[in-house]
Amino acid sequence: MPNLTVKEAMENLRCRKLSAEELAGECIKRVKETEGKIEALNTFCEEGALRSAKQADKAFAQGKDFPLLGIPGIIKDNMCTKGLSSTCSSKILCNFSPPYDATVVEKLKGHGYALIGKANMDEFAMGSSTENSAFKKTKNPWDLSRIPGGSSGGSAAAVAAGQALFALGSDTGGSIRQPASYCGVVGLKPTYGVVSRYGLVAFASSLDQIGPLANTVEDAAIVLNAICGHDERDSTSVHMQYPDYTEKLKDGVKGLKIGVPKEYFGEGLDADVKEAIQNAMKAYEDMGAIVEETTLPTFDYALSAYYIISSAEAASNLSRYDGVKYGYRAKDYKDIVDMYYKTRTEGFGAEVKRRIMFGNYVLSSGYYDAYYLKALKVRTLIKRDFDRLFEAYDVILSPTAPAPAFRFGEKSDPMQMYLTDIYTVPVNIAGLPGISLPCSLNAGGLPIGLQLIAKPFDEQNLLKTAYAFERSAGLILEPSLKGGDAK
Amino acid sequence: MGVSKEEVKKVAALSRLYIAENEMDAFAADLGAVVEHAQKLNELDTSDVQPTAHILPVKNVFREDKIKPSMDRELITENAPEKDGGCYIVPRVVE
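Top line first, the protein sequences correspond to chains F and G.
Sequential numbering of the first sequence, starting at 1, is according to the working numbering.
Sequential numbering of the second sequence, starting at 488, is according to the working numbering.
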């Protein structure tokens with residue numbers, strides 16, 4: 001059976017077809033049935049969810065109403081939830097319980113949602129498979145021998161498996177879109193600045209964005225409405241009139257100009273993915289859109305620029321983990337400097353160490369101009385490339401990832417792993433909104449994702465374009481929860 | 488190109504990380520591969536290009552200089568590995 005959507009649940013709650021307590025109970029039951037197989041959660045909030053759900057039922061009875069009232073959701077473990085473990089799947093924060101809620105969590109609490117749990121992730125959001133978690137490996141519900149993607153792998157797997165009706169993830173180089181693609185769900189990265197980063201543990205401050213993962217485009221739009229908005233506690237959040245993101249969903253795509261950069265169809269693209277995307281292009285044409293091949297000349301340079309910029313920012317942001325004020329502190333040390341070294345060496349995983357070191361390398365004297373400054377200039381060129389594309393097109397279309405979900409241990413070489421993000425990173429570099437939605441299943445039954453990219457602050461065009469395909473494709477998505485060692 | 492063992496030691500120190508002797512080669516190889524890939528950026532002429540550190544045209548975001556209550560100190564220091572009297576305890580810093 002396909003998963004219940006937020007939209008359907010909202011309707012069922014209001015016409016009393018089921019209570020919030022029953023709804024939370026369904027999700028809790030689902031967690032208990034699936035968690036042994038997929039291990040999506042670092043923390044499971046069974047009692048808290050039921051408590052919130054009961055409060056939601058009381059609120060409904062009192063005539064209160066918010067869109068996400070009583071709706072079960074899951075939050076990625078790099079977002080602060082007051083009094084509740086927030087580890088970033090790192091040993092260095094294994095004992096950390098934040099004294100405050102992230103803005104997005106405050107907003108969801110304001111709606112009266114039910115928190116099912118905190119999702120597993122790649123440590124400090126650094127990774128593309130969730131294999132870099134210090135605690136557990138999340139499995140892809142479509143094939144348990146495969147990764148769910150990363151770094152929001154737990155969020156994507158949990159939604160695909162029906163553990164909650166939506167989840168929040170974070171996206172710095174594709175970390176919402178790529179796992180959404182591998183797990184057959186919708187994943188949206190809003191324009192940089194649309195969702196407050198206050199309370200999101202920082203990885204790369206100029207690239208990070210929080211966004212929803214859900215079963216449908218409409219659900220993603222409903223959640224975006226709840227979490228977007230200016231926040232004076234995030235100086236990079238944007239002051240503007242925020243629209244209702246569900247408003248223009250059904251406007252259709254007649255006359256819409258869709259550009260498909262040829263660089264996305266280079267060597268390394270899986271044949272099944274290529275075919276699926278070409279079918280999607282045809283579907284858009286059938287709906288009255290104008291689909292054209294175009295070019296993004298700086299495409300090849302985005303990945304390097306991304307790794308330089310994000311690692312440099314990460315090296316700076318992760319300097320705070322020193323064992324002094326919170327988090328893990330090493331046990332035996334001879335002096336304060338030794339304490340810093342031991343705490344960080346014992347607390348961080350290998351990938352985090354690699355990125356911090358690479359970040360410091362590109363920022364260090366003698367290399368700063370050649371790498372960091374150069375990458376910032378390339379960023380300008382990439383932004384210009386997209387600006388030029390958006391003069392001619394309303395939306396850009398591409399595959400989300402070069403291939404469907406790979407197997408555990410398959411990308412043991414860091415560079416190989418980085419290449420799985422090749423289609424998503426340009427979007428973060430340019431600060432644009434991007435969405436991945438299920439395109440089709442390959443011959444082996446693995447989900448293939450379609451990526452759409454729009455102009456800054458043009459989520460409405462993005463969402464309506466995604467919605468149109470979703471309706472026309474009419475995919476029924478039911479992960480098997482088989483494969484690997486599970487029976 | 489590549490990254491030498493000396494360079495790994497140097498960035499490890501900047502990062503406050505101990506790298507064991509038997510891990511050196513692996514880190515050098517991994518870092519070297521990313522540095523190698525980064526050389527690609529030299530194919531682009533950026534001589535007349537301004538760097539973009541921040542993608543939004545947002546500058547000087549200030550708040551009004553009004554005193555507001557801070558977070559409760561007990562709450563803030565709750566996660567401290569070692570604390571006393573509202574202070575964090577660490578090994579002696581000054582000789």
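A hint or two may mislead.
Below are the DSBU-like pairs computed for lysine-lysine, each with C-alpha atoms no more than 30 angstroms apart in a straight line [said to hold, decoys possible]:
{"id": "1", "chain 1": "F", "residue 1": "K109", "chain 2": "G", "residue 2": "K553"}
{"id": "2", "chain 1": "G", "residue 1": "K527", "chain 2": "F", "residue 2": "K331"}
{"id": "3", "chain 1": "F", "residue 1": "K383", "chain 2": "G", "residue 2": "K546"}
{"id": "4", "chain 1": "F", "residue 1": "K342", "chain 2": "G", "residue 2": "K496"}
{"id": "5", "chain 1": "G", "residue 1": "K570", "chain 2": "F", "residue 2": "K331"}
{"id": "6", "chain 1": "F", "residue 1": "K262", "chain 2": "G", "residue 2": "K492"}
{"id": "7", "chain 1": "G", "residue 1": "K553", "chain 2": "F", "residue 2": "K107"}
{"id": "8", "chain 1": "F", "residue 1": "K325", "chain 2": "G", "residue 2": "K497"}
{"id": "9", "chain 1": "F", "residue 1": "K107", "chain 2": "G", "residue 2": "K555"}
{"id": "10", "chain 1": "F", "residue 1": "K331", "chain 2": "F", "residue 2": "K383"}
{"id": "11", "chain 1": "G", "residue 1": "K492", "chain 2": "F", "residue 2": "K334"}
{"id": "12", "chain 1": "F", "residue 1": "K342", "chain 2": "G", "residue 2": "K555"}
Calculated directly from the structure, the hints in this document are not laboratory data.
Now for the hints, and whether the structure bears them out:
1. K109(F) / K553(G): Between K109(F) and K553(G) the Cα gap is close to 28 angstroms, so the pair holds against 30 angstroms.
2. K527(G) / K331(F): Violated, at roughly 43 angstroms.
3. K383(F) / K546(G): Given that 30 angstroms is the threshold and the Cα spacing comes to 18 angstroms, the pair holds.
4. K342(F) / K496(G): holds (15 angstroms)
5. K570(G) / K331(F): Roughly 15 angstroms separates the two Cα atoms, so the pair holds.
6. K262(F) / K492(G): violated (40 angstroms)
7. K553(G) / K107(F): holds (25 angstroms)
8. K325(F) / K497(G): Holds: K325(F) and K497(G) sit about 26 angstroms apart, inside 30 angstroms.
9. K107(F) / K555(G): holds (22 angstroms)
10. K331(F) / K383(F): violated (47 angstroms)
11. K492(G) / K334(F): With Cα atoms ~26 angstroms apart, K492(G) and K334(F) stay inside 30 angstroms; holds.
12. K342(F) / K555(G): violated (38 angstroms)
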